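Chain residues, written in single-letter form:
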Amino acid sequence: GESVGLHLPTLSVQEGDNSIINCAYSNSASDYFIWYKQESGKGPQFIIDIRSNMDKRQGQRVTVLLNKTVKHLSLQIAATQPGDSAVYFCAENIAGYSTLTFGKGTMLLVSP
Amino acid sequence: GAVVSQHPSWVICKSGTSVKIECRSLDFQATTMFWYRQFPKQSLMLMATSNEGSKATYEQGVEKDKFLINHASLTLSTLTVTSAHPEDSSFYICSASLSGRTTEQFFGPGTRLTVL
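Protein chains in written order, with our numbering: chain A, 45 to 156; chain B, 8 to 123.
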């Protein structure tokens, strides 16, 4: 299930389940979005990105969905594995600007 | 490719001292580097954007005299935390962008700073 901790929402799933991590972004001018995975004590690792002219993009075991109408982004992980346990962040970028704005993050816990 | 390193990976210092953190792009030239700070169980907060050969652009609320950034070459940026205090204890992460592709950031492994 999903719970909201003091700072970081947590999603707990069983190995083999599909996971869906959600992100609401705030700026309607954002046109490029990235999902990052961050393991404890490490820097963020790129997972997948999507531009605003698309509503879906697939990678290996991951799919990103973009709903611009409600400013919502989701990351779907198929057949979740214990190695997927980490904190996942979405980040948004506005065309013409170099900076990224990170969302609050969701901790994914995968139990065997 | 596109590997970014940070040094040191962790540092403990006494209150009032200064600490320098290095960020290097190992196999590419980075016109732009970014410095982030991350407190436990929180997101990454951008501190400043550093362009090679020019002054860094600091985000609102970040003291430029306390967090000195130098980007002297296309492969190295440094962050110096001056007169560190316990509230500066955090995880500092840098990222680097390939020249001309500033939306694609490659992140370093982070530096854990603990100020006693």
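Please note that the accuracy of each hint is not assured.
Unchecked claim - Only some residues are given here: those of chain A computed to face chain B with a beta carbon under 10 Å:
#1 Tyr80
#2 Gln89
#3 Tyr141
Honestly, the hints are just simulated from the structure, not real lab data.
A quick note: this is a predicted structure, and the numbers were derived from the prediction, not measured.
Note that CB positions come from ideal geometry on N, CA and C, so glycine has one too.
How the hints compare with the structure:
no. : hint   : verdict
1   : Tyr80  : holds, 8 Å
2   : Gln89  : holds, 7 Å
3   : Tyr141 : holds, 8 Å
The structure is consistent with each of the numbered hints, conforming to all of them.
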